[in-house]
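Each chain, letter by letter, is given below.
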Amino acid sequence: MDRGKIFLVTADKNTSQALRRMLTKEGYQVTGEAADAPQALRLIRLRKPDLVIVDQELTGMNGLAVAEIIEQDRLAPVLLLGSYWQPGLLSKSPAAGIYGLLLKPVQEATLLAMVEGALINYRRICQLEKEVEKLKDALETRKAVERAKGILMETLGLTEAEAYRRIQKRAMDRCVPMRSIAEAIIVAYELEKGK
Amino acid sequence: MAETDLREQVLRKAEEWGVKFVRLQFTDIFGVLKNVAITVDQLPKALNNELMFDGSSIEGFVRIEESDMYLRPDPSTFVVFPWRPHDGSVARLICDVYNPDGTPFIGCPRNTLKRVIAEAEELGFTMNVGPEAEFFLFHTDASGRPTLETHDRASYFDLTPVDLGEDARRDMVLTLQQMGFEIEASHHEVAPGQHEIDFKYADALKTADNIATFKFVVRTIAQRHGLHATFMPKPIYGINGSGMHCNISLFRDGENAFYDPSKELQLSDTAMYFLGGLIAHAKGMTAITNPTVNSYKRLVPGYEAPVYIAWSPKNRSPLIRIPAKRGLSTRLEVRHPDPSCNPYLAIAVMLKAGLDGIKNKILPPPPVDRNIYAMNMEELRELKIELLPKTLDEALEYLKADPVIIEALGPHIYERFIEAKTIECEQYRACVHQWEIDQYLTKF
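Note that the protein sequences, when read in sequence, are chains A and B. 1 is the number of the first residue of the first sequence in the numbering used here; add one for each residue after it. 1001 is the number of the first residue of the second sequence in the numbering used here; add one for each residue after it.
This is chain A alone, in the form it adopts within the complex (with noise of 0.2 Å):
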C-alpha cells in the first residue's frame, strides 16, 4: 500500500527512527532523510516527496526558514517538528505556510492525523490555485476582448457582434488565443494614438 511519500529532516536520530517506524508501519514511504538545510533541500528536488517533516532546529538554517523555501517553491506541504509550542510561533512566519506542528516527543496518533490532514489540505489548495489562476486568467482575457471590441466598433464601425467574431475569427486562423489577438489590437490603437 502506498499512501504518499514522506521526506524527514531532523538531526535528531531518535525522532527520525520513530518517524520512520511509525510512518512505514501505516503504508507511508520515506523516501528519503537529511540532517541538514541544504542537504534537505537538495534531495527534496530530486525525490519530490509528497510532505516534508522539518525539524525546527537544523544547523545552518532554521526550519522555518527551509519550509518558507519549499512553499514557496510549492514542493510540498510542511509539517514542523518542535520541541515546545508557544503562542505566535507559526503565525510570525506565514509564509512559510506550515500545515502543523509536531511536538516531541511525537505520538503516533497524532503524527498519523496530522500527515493524513497535511496532504488533504495540500491537494485542495493546490486545486484553489489551479482555479483562481483559471479564472483570473479568463477574467484578463475577457478584460482585453471587451476593449478590443470596442476599438473594432469605434474604428471600424461594426456591430458589437460582428466585432467579436472577427477576433475569434482572426484567433482561429492563426491558431492563438483570443487574448492574444485582442492585446495585438489594443497595442496597434494605441500606438496609432500615440499614447
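Don't read these hints as lab results, they were simulated from the structure. For clarity, every value in this text was computed on a predicted model and none was experimentally measured. Do not rely on the hints blindly, as some may be mistaken.
Every beta carbon over 10 Å from chain B, so not counted as near; a handful from chain A, in silico [unchecked claim]:
1. GLU116
2. ASN121
3. LYS134
4. ARG166
5. LYS169
6. ARG179
7. GLU190
With a straight-line Cα cutoff of 20 Å, these simulated DMTMM-like cross-link-like pairs (lysine to aspartate or glutamate) come out [stated by the list, open to error]:
8. LYS48/A / ASP1163/B
9. LYS48/A / GLU1166/B
10. LYS1020/B / ASP1074/B
11. LYS136/A / GLU1016/B
12. LYS1013/B / ASP1074/B
13. LYS13/A / ASP1141/B
14. LYS48/A / ASP1171/B
15. LYS48/A / ASP1167/B
For each label pair, taking beta carbons as the anchor points, the in silico distance ranges come out as [what the hints assert, rightly or not]:
16. GLN1009/B / GLU26/A: 49 to 59 Å
17. HIS1187/B / VAL176/A: 26 to 36 Å
18. VAL132/A / PRO1301/B: 49 to 59 Å
For glycine and all other residues, C-beta sits at the position ideal for the given N, C-alpha and C.
Once you've looked at the hints, dock chain B against the given chain A.
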C-alpha cells in the same frame, strides 16, 4: 520619461505589488553588493534623495570624518524580487552615492562608469555590452558553508537522472526573466558543475546593473537549492575557470559605429581604433577586469582563457575576438574579464581604453590567425605579441603605469584599490599554501 513620472510609477508599483521592504543597493569598490533596507513608508523619502547612510562602514569608501553619504535611487532600476510572493514583497532600487553637498561621490563605482559614459557621449557614442558570465555550483555542507563538491558528481552517485544544477539553473533563468532579463542562452559549461547564463546586451550602465543583479540572483536561487554559486575565477586547478566575456559595440545615431561594409573585414575606422585602444591598455586594465589573486590562475594556457595580447577575426583563443556577425551585431568580444570584477569599473576601463584609441587614432597590430599557443618565444617576439600580466602584483604595476586607466577610475578609487590590492598580494605571498606543503614537507 521624466524623473518625477518615474518616481510616481515606482510608488504606484510598490503599492500594487504590496511591497513592504525596499533594498537600496550599491556596490563598493570591489564590486560587492551592499544594501540598506528601508520600509515602504520611507520610499518617498528615499526617492527624494533624502536617505543618508554611514559611508565609513563600507570597505574602501570614506574615512570616518566624511562618513555621511546620501543614496540617490535610480527609479528605472525598481524591481520586485520574485521569490517572496507572499506576505509583503521585497523590492530593490540601485543607487548612486552622493556627498552631503549634493555632488556625486567620486568613490562610487556607478558614478565612475557614468563619467566615462558621458565622455563617450561627447563624441556621440553610446556603448552596448553583452556579458557571458560563468559560474560554478557546489554543494554546501551541514552548516551552509560551501564545499568544492559539484552537484554533477553527487547526483551521479545519487543514481537519478535529474541534475540538481540544471534544475537550479532553470529556476535562475525563470527568476531573472520575471525580473525583466531577456535570457539569450543558458547552458552547462565545459567543467563539471560549471554553468553559463547569457542575457541580452544593453547600454553600458544597464549591463553593469544587470551583472550586479545577476550575481545576486544566482547566489540566492542556488542557496534555495542547497547549492553554493561561486563566481570565483578558478575554483579548481586543472579544469576550466569562469570568465565573463564582454561583447562590446558602439552606436552612433542608432547605427552600429563598428560596421562599415566598405572597409576591410567590414570594420570601421572607429572599430579599429577602439580595438587599438583596448590592446594598448590591455595590461593597464587587467588589474580591474581580473582583480583577484585567483584571477591569474585562470589566465593560463590550455583552458580556453586568453594569455596573449592579440586579436583575430577567426581564432577563438586570443584576447579579443571579432565574431563573424556584421551589421547591427558588429562587435568585439573581450575575453579576459572574469566575474570577480566590479562590473561598473571593468566596463568603465574598457570603454575608456577604447575611447583613448579613437581619440588618438591608435591602430591595432595585425590580426593573428595562427594558433598562438603553438608558437615559440622567437616567433612571439617577431610578431610583437605580448603577454597579459601573470600575477595580480604584475597587473597592479601595469595599472600604476597607465595614466588613461587611472583617469577612468578617478584618484579616490585608484588609490583605495591599489592600497587594498597590495595588501591582498602581500597576504597571499606570506601565506603558506597547500601546494608548498605537498611539494616540500617530505622532500626537505
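Here is how each hint holds up against the structure:
Even its closest Cβ contact with chain B, about 25 Å, leaves GLU116/A beyond 10 Å, as expected for a residue assigned away from the interface. The Cβ of ASN121/A sits about 17 Å from the closest Cβ of chain B, beyond the 10 Å cut-off, so the non-interface label holds. Distance check for LYS134/A against chain B: the nearest CB is about 18 Å away, which clears 10 Å, and the non-interface claim stands. At roughly 33 Å from the closest C-beta of chain B, the C-beta of ARG166/A stays outside 10 Å, upholding its exclusion from the interface.
Separation of LYS169/A from chain B is adequate, the least Cβ-Cβ distance of about 32 Å exceeding the 10 Å criterion. The claim that ARG179/A lies off the interface holds: its Cβ sits roughly 20 Å from the closest Cβ of chain B, which is beyond the 10 Å cut-off. The beta carbon of GLU190/A sits about 16 Å from the closest Cβ of chain B, which is more than 10 Å, so the claim that it is off the interface holds. Proximity of LYS48/A to ASP1163/B is assessed by CA-CA distance (about 13 Å); at most 20 Å being required, the pair is judged to hold.
Only pairs whose Cα atoms come within 20 Å are accepted, and LYS48/A paired with GLU1166/B is accepted, the gap being roughly 16 Å. About 19 Å separates the Cα atoms of LYS1020/B and ASP1074/B, which keeps this hinted pair within 20 Å; it holds. Only pairs whose Cα atoms come within 20 Å are accepted, and LYS136/A paired with GLU1016/B is accepted, the gap being roughly 16 Å. A distance of roughly 15 Å separates the Cα atoms of LYS1013/B and ASP1074/B; the hinted pair therefore holds under the 20 Å criterion.
Between LYS13/A and ASP1141/B, the direct Cα distance comes to roughly 18 Å. Compliance with the 20 Å bound is thereby established for this hinted pair. Only pairs whose Cα atoms come within 20 Å are accepted, and LYS48/A paired with ASP1171/B is accepted, the gap being roughly 16 Å. At most 20 Å may separate the alpha-carbon atoms for a hinted pair to count; LYS48/A and ASP1167/B meet this at roughly 12 Å. Restraint check, GLN1009/B to GLU26/A: a C-beta distance of roughly 55 Å satisfies the suggested window 49 to 59 Å.
A C-beta distance of roughly 29 Å is found between HIS1187/B and VAL176/A, which places it inside the suggested range of 26 to 36 Å. In this structure, VAL132/A and PRO1301/B meet the distance hint of 49 to 59 Å, their C-beta atoms being roughly 58 Å apart.
Going down the numbered hints, you'll see the structure goes against none, and every one checks out.
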